[in-house]
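So the protein lines, in turn, are chains A and B. Just add 26 to the spot in the first sequence (first one is 1) and you have this note's numbering. Just add 770 to the spot in the second sequence (first one is 1) and you have this note's numbering.
Don't read these hints as lab results, they were simulated from the structure. Hints may contain errors.
[To be verified] From the derived model, a few chain B residues whose C-beta atoms are all more than 10 angstroms from chain A:
| id | residue |
| --- | --- |
| 1 | Glu831 |
| 2 | Thr887 |
| 3 | Ser898 |
| 4 | Ile902 |
| 5 | Glu946 |
| 6 | Met950 |
| 7 | Val953 |
| 8 | His955 |
| 9 | Arg959 |
| 10 | Gly961 |
| 11 | Asp965 |
| 12 | Tyr976 |
| 13 | Ser991 |
| 14 | Met1014 |
[As the list claims (entries may be wrong)] Derived, one-sided and incomplete: chain A residues facing chain B with beta-carbon distance under 10 angstroms:
| id | residue |
| --- | --- |
| 15 | Leu46 |
| 16 | Val67 |
| 17 | Gln68 |
| 18 | Ala69 |
| 19 | Ser70 |
| 20 | Asp71 |
| 21 | Gln73 |
| 22 | Met74 |
| 23 | Ala75 |
| 24 | Gln77 |
| 25 | Arg80 |
| 26 | Asp81 |
| 27 | Arg85 |
Glycine included, each C-beta is placed from N, C-alpha and C at the ideal position.
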Amino acid sequence: MPPNRQPNLRTGVMSMPNELNTWEVFVRSQNGIAHRHIGSVQASDSQMALQYARDVYTRRDAFVSLWVVASEHVISSADQDQAAWFETAHDKDYRQATYYPVPDGVQHL
Amino acid sequence: MNLSASCDTSLSDYLLRLGDNALILSQQLCGWCGHAPTLEEDVALSNIALDLLGQARLWLEYAGASMVPVRDEDDLAYHRDAHQFTHVLLVEQPNGNFADTQVRQFLFDSWHCLLLTELSRSTEPRISAIAIKARKEATYHLQHSSQWIVRLGDGTERSHRYAQRALEQCVDYVGELFAMDAVDHEMVRLGIGADLAALRPQWQAYVEQVLAAGNLVYPASALSVQGGRHGQHSELLVGLLMEMQHLARSYPGAQW
Chain A
27 MPPNRQPNLR TGVMSMPNEL NTWEVFVRSQ NGIAHRHIGS VQASDSQMAL QYARDVYTRR
87 DAFVSLWVVA SEHVISSADQ DQAAWFETAH DKDYRQATYY PVPDGVQHL
Chain B
771 MNLSASCDTS LSDYLLRLGD NALILSQQLC GWCGHAPTLE EDVALSNIAL DLLGQARLWL
831 EYAGASMVPV RDEDDLAYHR DAHQFTHVLL VEQPNGNFAD TQVRQFLFDS WHCLLLTELS
891 RSTEPRISAI AIKARKEATY HLQHSSQWIV RLGDGTERSH RYAQRALEQC VDYVGELFAM
951 DAVDHEMVRL GIGADLAALR PQWQAYVEQV LAAGNLVYPA SALSVQGGRH GQHSELLVGL
1011 LMEMQHLARS YPGAQW
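With the rest of the complex left out, here is chain A:
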C-alpha cells in the first residue's frame, strides 16, 4: 500500500476501499497444528482481509485461528533458481533416514 496512507487510528480500518490488494490466507484447524495456506482474498485493509478470509474460507469447516498476510510481503524463491535450489537434493539419498539399513537386534526403533 502507498506510504501516505495510514489506517484510521481509532479502528485500524483503512479508508479508500476502491483500492484492493491481495492477501494470503492461512488457517489453523486445531490448536497445536500449524497454520496452512488455504487461498487468498482481495481487500483494502487488514481488517477487511481478515473478515473476508473468515467469510470465504471458514463457512463449512471448523477452524480456531486465521492469519492474513499481504501478498506483497511474501518473499518467494525464483523460478530460475529451481535447479540450483531444489534439484540438488535428488541424488543425496543418504540424507534420508530410510537410506540406512536397520541393524540386527534393534528393537525399539
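For chain A, the structure is supplied; the task is to place chain B on it using the hints.
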C-alpha cells in the same frame, strides 16, 4: 410454562416480530447475491443473509408452535400478506446503493446485538437458547457493518456523502426500534422479553462512537416513523413479498 391465553398471544406476537425482522432483512440482503462490489463481499453479505434466515426459522417455528391453531415456519413465511408482517420498518427500507445497505445493516446490527444479549437472559429457556446462538452471529454482523461505516465515512468524498445521506434516510426508522407497546410490556413483566427503551442509551453511545470514527454525524431526526410491528408497511414490502412468496404460492406443497 403455564401461561394465560392472552399471554400466549403476546408470546407468539413477540416471537413473530423477532422472526419477521430476521426474515425480511435476510430477503433484502439476498438481493445483493451476485451484485456486491467484490466476490468476497458477495459471500460476506450472503453469509449474513443466511445467518438471519436461520434465525428467522427458529423464531418462526417457535412462534407458529405457540399459535392456536399451530402453524409451521413455511406457512408463516409464505402465506401471510403484507399487513400481517410485524417487522420494524427499518428492515424493509430499500437496498439502495452499497452505503444504504451497510447503514441500514449497521443500525440494525447494533440494536440486534443489544436485544439478543437481553433475550439471552430470558426466563423462557427456548428464547434464551435461540438468542445465545443468534448473538454470536449478530456480533460478527456488527463488526462487519461497523467497519464498513468507518470505511465509507472516512473514505472518499463520494463514499462519505453517500453514507451520510443513507443515515439521514434511515434515522427516521430508529425510534421504532426502541418503542414499547403492550406486547413488549407484557413480555418484560413476565421476564421473557427485553425492555427496548432501556437499550437506547447504550445503542446511541456505540453508534455515535463508530460514526465519529468515520467522520459521520448522527442526524438530528424530528420523525419517528412507526407501525411496522402492527402491520403498517410501505409498498416496498409488497414487492419484496411477491418475490419471496411467489414459488411457494404458485406451487403449493412444492418440494426440492
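Taking the shortest Cβ-to-Cβ distance between glutamate 831 of chain B and chain A, state whether it exceeds 10 angstroms.
holds, 23 angstroms
Holds or violated: the hint that alanine 69 of chain A contacts chain B, with Cβ atoms closer than 10 angstroms.
holds, 7 angstroms
Does aspartate 81 of chain A pass the interface check with chain B, least Cβ-Cβ distance below 10 angstroms?
holds, 4 angstroms
Does valine 953 of chain B sit more than 10 angstroms from chain A, CB to CB?
Check passes; 35 angstroms lies beyond 10 angstroms.
Minimum C-beta separation from tyrosine 976 of chain B to chain A exceeding 10 angstroms: can you confirm that?
It holds; tyrosine 976 of chain B is separated from chain A by about 13 angstroms at its closest Cβ, greater than 10 angstroms.
For the hint on arginine 80 of chain A, just tell me whether its beta-carbon gets within less than 10 angstroms of chain B.
holds, 8 angstroms
Consistency of the no-contact label for serine 991 of chain B, given chain A and a CB cut of 10 angstroms
Serine 991 of chain B is indeed farther than 10 angstroms from all Cβ atoms of chain A, at 25 angstroms.
Given a cut of 10 angstroms on the nearest C-beta pair, is the interface hint for serine 70 of chain A held or broken against chain B?
holds, 7 angstroms
Outside-interface status for glutamate 946 of chain B - nearest CB in chain A farther than 10 angstroms:
holds, 29 angstroms
No chain A beta carbon within 10 angstroms of arginine 959 of chain B's
It holds; arginine 959 of chain B is separated from chain A by about 40 angstroms at its closest Cβ, greater than 10 angstroms.
Residue hint alanine 75 of chain A, partner chain B, criterion CB-CB below 10 angstroms:
Holds: closest Cβ of chain B sits about 9 angstroms from alanine 75 of chain A, inside 10 angstroms.
Please verify that hint: leucine 46 of chain A, Cβ, nearest Cβ of chain B, below 10 angstroms or not.
holds, 7 angstroms
Checked against the numbered hints listed earlier, the structure breaks none of them; every hint is satisfied.
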